[in-house]
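As given, the protein sequences belong to chains G and D, one line each in that order. Residue numbers for the first sequence, in our numbering: 1 to 586. Residue numbers for the second sequence, in our numbering: 1 to 120.
Simulated from the structure, these hints should not be mistaken for lab results. Beta carbons are placed, not taken as given, at the ideal position from N, Cα and C, and that holds for glycine. Misleading hints may appear alongside valid ones.
Across the chosen pairs, the derived CB separations fall in these ranges [claimed, not checked]: (1) G:TYR493 with D:TYR20: 45 to 55 Å; (2) G:SER314 with D:ASP103: 41 to 51 Å; (3) G:LEU358 with D:MET1: 48 to 58 Å; (4) D:TYR20 with G:ASP353: 48 to 58 Å; (5) D:MET1 with G:ASP353: 42 to 52 Å; (6) G:TYR236 with D:THR80: 22 to 32 Å.
With a Cα cut of at most 25 Å, we get these calculated DSS-like pairs of lysine-lysine [stated by the list, open to error]: (7) G:LYS37 with D:LYS11; (8) G:LYS301 with G:LYS223; (9) D:LYS11 with G:LYS525.
A short list of chain G residues far from chain D (calculated; beta carbon distances all over 12 Å) [what the hints assert, rightly or not]: (10) ASP35; (11) PHE280; (12) GLU399; (13) LEU471; (14) THR523.
Below are the chains, spelled out letter by letter.
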Amino acid sequence: MKRNIIFTLIVVFSALLCFGQVMAQEAEKTGGIVDVKINPGFHWTDWDDYRGKVGEYEQLERGIRPDVGITINGKTKYSYFEVQGFYYEDMDNSVYADIDLLRILSEEFSYFRMPHFFEHDPLTNLDACFCNVAGEPTPAATESEDLNPGAEYFLRYSRMESKTTFRLPFLPGSEVFFDYRKEQRSGHRQATTLSKCSSCHVVGQSRTIDEYTEDFNPGFKSKFGNAETGWFTLAYDYLKRRFGERGDDPLNRYNPAVHPGTGLDVFTNRIQYQDATLPFNVIPSSEKETHTIKLHGQFPKIITDVFTSYVNSSAKNMHTQAESELESFVARITNSLIPGLIVSGRFKAMDIDNDDVLVQVNERVGTAGPQAGQTYSQIYTEFVPEFLRKSALNRTVYEAELSARYRLMRQLTLDGKLKWKSTDREYYEVEPGDTQTDEYTGRIGLNYRQPKLYGYLYYQHDSISDPFANLRAACSPSGTNVAGATPFTGLQYFQFYNMRQQTLSNIPDNKDQIKASFSWIATPKVSLNGYYRYINESNDFDWDQESHIPSVSLWVAPLSNLNFTLFYLFNYQETDSIICEPVFDG
Amino acid sequence: MVAANHQPMAKLNLNLSLAYSVSNAEMDTITFDNISGQLGFDPAASGMALYDYDFAEVHKLSDLDITQWDVSLGADYQFTPRFSLHAGINYIDYDEDEVFLADESGSAYIAMLNLTYWFK
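Use the sequences and the hints to build the structure in full.
Right, here's the structure in full:
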């Protein structure tokens, strides 16, 4: 093995030496310039205990292994080019190339791959639910099963991008382009599912991942006009995106849903499926198409900049055939006609429309026990299992923003911004009878800049009326409620859910934010940087959150050939929220 | 994090970096009501006598306590304007003091030696 490594290293190094020498000589003949750099070498790696977290994105293969890199850049009479390649491990390598021919045709290409390691949940924490006086889980009403114990889960991730641009020589300022991108993920990760009733039996097994995301993105851009009337840039691009999963869906055996104590088949009318091997963790393929038109106008005479864009996008779930449509319009105008003052206005309108989905339920008839011969909804007539899902994503959004920057003095500018956003959800109430959320934002700040000291200080306040919330998320009215000793009479779980009263949300209706940063070059040998961010947010549903992030870094060069950098960051966040925790027992 | 860079001679450059981070997360005590009096039936007679409704330690189950070290030392020597040598070592440690689902603590050791040659 060692001999193979050394031999490989010698061969690669010799080949690169010859290649580099030839390139340099050829370039010299044609009057071009070529720089070639090669980096052969090797690395030794070892690890202890679990490598998935300490090297989550590293291929930590034990032993000595070769690596090699090459960089070529230069120019000829007709072209500029740069090529970089690096091979570290089988799952860790990259290639980059950038070529320009006569400033007419340019191609930028990149490819890289890397590993991503995932955790393997042994599921043993689930045995903590029930225990006897000796602390042992009993009876076996809650259990877990890892069908691939000890399996190491990781993916090979790769991304390839190509950007081809053709500048039309017969139409100066215009270009057509074609961009292509493909991401792939392959390997295995853990998939979990529930068997029998709710969380009584959790199963984990390996799932094959073979995913791809592919983008085709052609378009054109054209700049025209003049300094008198104004410069205009018109751009259009079309995006076609495809996502697919080619790995087989894992299968699980779902046991008969019998009573855990008596073994009788009395729960048939409460379940969708049983006694069958069925797929789970199904990942649907999807496709998306987007049309984007942009128009940018610059009017030097009145120092005004205008930008507008329109986006039309549709996405489709190829498994359910459900579609989602989006339309968006943005307009922005910026003017700096008054010396020292820059004023900007922005407006956005967006509409999202998703298909309705009929949620169908397999209503089974009871086969034994007191509810034999009946479906669940026949016994509990207020329970309606099938429904037409109206999407909570359907909405119309309007945004308007006004911002200004004024130079108070040579080194000091004042910044201000006012913003309003209205979100009207077609099928989702954020308060009884109200589907609209309104957000108001005000921000003011100072920027200071001089050669050795610069920084900023900002304060922002957000006020949100009726933020997104779950109106009946938790908490039944009379404290603790207990279902009956047998499942066939007394309080049913769906009735218990319907008793929930408390509105809960982790979206604030009030938010205050302070941001500050400075950079100070004290002397040519000492510089100090600092940053601080404070956020305080709360809502009317007993939720609030506070965070502080200060950081400081110091650079010191006591000698011309010696320098130190010290950096410290502290991140603190505290969240308060009420909890209403349902406890399910068998 | 601390980093240092030193050039003891014109052809030799040394660098050292050391990063240490501590991450903690915890919840306040969650108080669950004692529902024994509200069950409306005798658990012992229903086969539930051995069930444990003590939730006093539930708030600790999601605690996180993670310590990470990342230490690297490197040297670059420029033999000629076209030829240089780089050597380096890197030690990374990830330590979970409060195990969440499984203990994912681990350490990694990496050493590297690379030549660089320029064709100019």
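For each hint, the structure was consulted:
1. G:TYR493 with D:TYR20: 45 to 55 Å: holds (49 Å)
2. G:SER314 with D:ASP103: 41 to 51 Å: holds (47 Å)
3. G:LEU358 with D:MET1: 48 to 58 Å: Holds - the Cβ-Cβ distance for LEU358 of chain G and MET1 of chain D, about 55 Å, lies within 48 to 58 Å.
4. D:TYR20 with G:ASP353: 48 to 58 Å: holds (51 Å)
5. D:MET1 with G:ASP353: 42 to 52 Å: holds (49 Å)
6. G:TYR236 with D:THR80: 22 to 32 Å: violated (53 Å)
7. G:LYS37 with D:LYS11: Answer holds: LYS37 of chain G to LYS11 of chain D is near 18 Å, not above 25 Å.
8. G:LYS301 with G:LYS223: holds (18 Å)
9. D:LYS11 with G:LYS525: OK: LYS11 of chain D and LYS525 of chain G at ~22 Å, within 25 Å.
10. ASP35: violated (6 Å)
11. PHE280: holds (20 Å)
12. GLU399: holds (35 Å)
13. LEU471: Since the minimum Cβ distance to chain D is about 24 Å, LEU471 of chain G lies beyond 12 Å and the statement holds.
14. THR523: Given a closest Cβ separation of 18 Å, the condition holds.
The structure fails to meet hints 6, 10 from the earlier list, while all remaining hints are met.
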